[in-house]
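Chains R and G, in that order, are what the protein sequence lines are.
Numbering-wise, my numbering puts 318 at position 318 of the first sequence, and it's gapless, one number per residue.
Numbering-wise, my numbering puts 164 at position 164 of the second sequence, and it's gapless, one number per residue.
The hints are simulated quantities; they were obtained by calculation from the structure and are not laboratory data.
A couple of the hints might just be wrong.
[Unchecked claim] To give an idea of the interface, some chain R residues facing chain G are shown, with a C-beta separation under 10 Å as derived from the structure:
no.	residue
1	G160
2	V219
3	M257
[What the hints assert, rightly or not] Straight line, CA to CA, 35 Å or less: simulated DSBU-like cross-link-like pairs of lysine-lysine:
no.	chain 1	residue 1	chain 2	residue 2
4	G	K129	G	K110
5	G	K328	R	K270
6	G	K90	R	K270
7	R	K12	R	K270
8	R	K18	G	K110
[Unchecked claim] Some, not all, of what chain G presents toward chain R, calculated at C-beta under 10 Å:
no.	residue
9	F28
10	G72
11	R84
12	V216
13	E219
14	I279
None of the values given here were measured: they were computed from a predicted structure.
Glycine residues also receive a C-beta, built at the ideal position from the N, C-alpha and C atoms.
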Amino acid sequence: MTTPLLQVEDLKMHFPVKSRGIFRRVVGQVRAVDGISLHIDSGETLGLVGESGCGKSTAGRSIMRLLSPTDGKVILDGVDITTLSRRQMVPHRRTAQMIFQDPYSALNPRHTVGSIIGAPFIVQKVKPVGGVRKEVQELMARVGLNPEHYNRYPNEFSGGQRQRIGIARALALKPKLIVCDEPVSALDVSIQAQVINLLQDLQQDFGLAYLFVAHDLSVVRQISHRISVMYLGHIMETASRDVLYSAPQHPYTHALMSAVPVPNPQLAGKRERIMLQGDLPSPINPPAGCVFNTRCFKVQDRCRVEVPELIEVAPGHQVACHFPITESLGTTLITGPNPGLTEQPDNAPDSPNAAATNAVFEAGAEPWAQRQS
Amino acid sequence: MSFLEVSNLQVSFPTEDGIVHAVDGVSFSVERGKVLAVVGESGSGKSVTSQAVMGLLNRKATKISGSVVLDGQDLLAMDEKDVRKLRGGKMAMIFQDPLSSLHPFYRISKQLVEAVRVHQNVSKSDARKQAVSMLDQVGIPAPERRIDDYPHQLSGGMRQRVMIAMALLNNPSLLIADEPTTALDVTVQAQIIELIQQIQQVSDAAIIFITHDLGVVAEVAHDVLVMYAGRVVEYAPVETLYGQPQMPYTLGLMASIPRLDRDPDVRLDPIPGNPPSLINLPSGCSFNPRCTFSDQVADGRCSVELPDLLSAGEGHLVRCHLPIEIRKALSAETLAALNGGVL
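Next comes chain R alone, as it looks inside the complex (with noise of 0.2 Å):
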């Protein structure tokens, strides 16, 4: 078997909570990661998603050692870097780079786009042939900017293009893996095809890994090989992209899915949604247990007593639960090529969200119409 590119095993970064006061005692800690292990291969994309405050983007940072892990190990491309120091990682910041989330806040306003797509070579003291200038802007025409445009500031382009440059810098060291971090939920609809199509024609040229951190599903789905759903620090469940979301086995995957809207309307009023009950418990104080069971709507006693382990159900396919699920749930999913989407509406219903209201509601949560009387 060959060695991963990346493995990470049982990772935590936990954040000290400290009191108020002259003595700032730590009092609790923020389990914002809370052992993890996944691998990457060279070339392939690891989609990490979940909803905000997961874990999923502490997660990226703690394996690209912006943070130092509390506890586990990082292997990339077998070196251990989980323990290095700050100088002692600069050697491996070459094989793995980082694309951000906001372009706007990634680029320094006051340097040039040539200097800042050149400074990893500073940085690392590299001399490419033919010069940085050369080397730049050969970067810049291969993210699909003009090179014309070296001596421009970040605040002359528009936000795709500044992923653009994001994607340039991050490229300058020709990495084996970039971590991108919601690369493209920042940027408006008709530009986010053109950073994902970028990327997966990059990923093709290069021979590139990503670990894609992302909250939307459907984007995450486009883009990746394999997914890890993240929740609570923890990984719920990871499979190859087609079994993630034609038979995902955990209750959380499931009640994610169903609660993505397709721009369909004639789904839209027949899929059946899970809807999920009350809000992300703390990490400071996760729950007992499975950390999902205060909102799973498959939840047992066991559930609240025993964490539950990352079982390997099939090959490639990793579940945390004690009771996955592996019969359908009925009209929950939709995936691939759905036959309806090209037909001609005959006649309009006058309200395609009748039938919408067939959610399923969990104690408590009435529809609002019977709570008006």
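Model the placement of chain G on the given structure of chain R, informed by the hints.
For chain G alone, kept in the frame of chain R given last:
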């Protein structure tokens, strides 16, 4: 006459760099009990349109023309003081970011009670009772306890429910929701959409739902208005818009968004280029520099002459120079391509 009738609305802001034509000739109507979705990217004028309807634009700093007729009254011709009496009462708004729309220093109770007492002559304790019952109706658990929380003590979804409760307190007959789910997680978004659908069915209010998310539109809307660079480019009932989108911009959006019901192995087909500057709009059709079909129109008409918003079927308006047969063919082709070319 529809309940809300907006005709030829134009809004422009003078700035140092020139005049920003944020909204240029927008007309639409909404009936009670119906949901109109307004779709567009940032800078398309969708939020400014809603602010003009609500009377939230500074009349001194903006140039507004056209008419906004709500239940027989032209809001643009009315005195600002009279519009203020309607706002929060007959018409109400839900904003995108509930954290910056609620006052951080005041308890929820104070803000809700004030909202009631501005429009109704009731005692504080009666207003509080109304507020508690409204919080209960929008699905806030233990409302008599939560009402005394400060906004920061609530989660994002709960805050959005408080915003919705505040908007509904005076039983509005026009409700404008400006990107109400954009700041929320997908599972919370589903809860809020469900709530808005229930409100629509029960309250018989006219609802304008502003969003950039075509998935959300398909879930909630009856009619859809697609805006680009301050103009309406397509206006249709929801089934028609998704079944046979005809404006190349709408088609481009459909082909470029990742969605769960398309084949993920088919590459996304993005709209090239960037949205135009509203100060310096392209001549002719504002979409023509990004349109991949404009070469099919003779004599370069697209870059010279602004197409009119013309009928393309029942209740279906499209702003495009392409002949309707070609548009229909392109539409079928684009939708089929999403399924990997299977017709």
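Here's how the hints hold up against the structure:
1. G160: holds, 6 Å
2. V219: Check passed: Cβ of V219/R comes within 5 Å of chain G, closer than 10 Å.
3. M257: The hint holds - M257/R has a Cβ within 10 Å of chain G, the shortest such distance being about 8 Å.
4. K129/G - K110/G: holds, 12 Å
5. K328/G - K270/R: holds, 27 Å
6. K90/G - K270/R: Judged against 35 Å, a Cα distance of about 33 Å means the pair holds.
7. K12/R - K270/R: violated, 41 Å
8. K18/R - K110/G: holds, 32 Å
9. F28: violated, 18 Å
10. G72: With a closest approach of 25 Å, the G72/G hint is violated.
11. R84: violated, 28 Å
12. V216: It holds, given that the least Cβ distance between V216/G and chain R is near 5 Å, below 10 Å.
13. E219: Result: holds, 5 Å to nearest chain R Cβ.
14. I279: violated, 14 Å
The structure shown violates the earlier hints numbered 7, 9, 10, 11 and 14.
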